[in-house]
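Colleague: Numbering of the sequence shown is given in the numbering used here, commencing with residue 263 and proceeding in unit increments.
Source of the hints: derived by calculation from the structure; they are not laboratory data. Heads up, the beta-carbon is just placed ideally off N, CA and C, and yes, glycines get one too. Check the hints yourself; a few may be wrong.
[As the list claims (entries may be wrong)] Estimated spans, in silico, between C-beta atoms of each pair:
(1) R370 / C414: 25 to 31 angstroms
(2) M296 / R397: 23 to 29 angstroms
(3) V396 / M296: 37 to 43 angstroms
(4) R397 / E295: 36 to 42 angstroms
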Amino acid sequence: MVDMRGGIKLFVMLMDHHHYMHQALDEARIAAEMNEVPVGAVVVGPEGQILSKAHNETIHQCDPSAHAEVLALRRAAAKVRNYRLLGSCIYVTVEPCVMCMGMIIHARISRVVYGTPDPKWGAAGSLYDFSKDVRFNHQPEIVSGVFADQCCRLMRDFFVCRR
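Taking the hints into account, I'd like the entire structure generated from these sequences.
Modeller: And the structure:
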């Protein structure tokens, strides 16, 4: 006998991943329109509510830390009035870098869902894997490859146009 509850739960989780990643892709497109590297992020609270959305703004803000993840985490923390975002999930179109994974770990994000890997900067499985480093006091779950083709295409098209 097959337990369908697990299958239904997985289906619902995938549908949630798709919904929130669409939101992150929308943010990445906004970044591209601003001539920023097209990365978008969405922070989702433990009850499934969107706490914040953001896109890269490093050029616009003249701030090397203004990555989509950093901005989204700052806004989510301000909204819940706590720097720890326990039970929350962050959806990102591109694998987070070292700086962003450090902030994700400090914020105690439970799950990171990203679209396309970043072999040059990625710190969630590509170049580094901070999520598996037991020397840190928190290890978020990593889900990769959600809408990977769309996320990769957005990045590729952006850089093709710039060359």
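Colleague: Would you mind marking each hint as holding or not holding in the structure?
Modeller: Outcome of the hint check:
no. : hint                            : result
1   : R370 / C414: 25 to 31 angstroms : holds, 29 angstroms
2   : M296 / R397: 23 to 29 angstroms : violated, 37 angstroms
3   : V396 / M296: 37 to 43 angstroms : holds, 39 angstroms
4   : R397 / E295: 36 to 42 angstroms : holds, 40 angstroms
The earlier numbered hint that this structure contradicts is number 2, and it is the only one.
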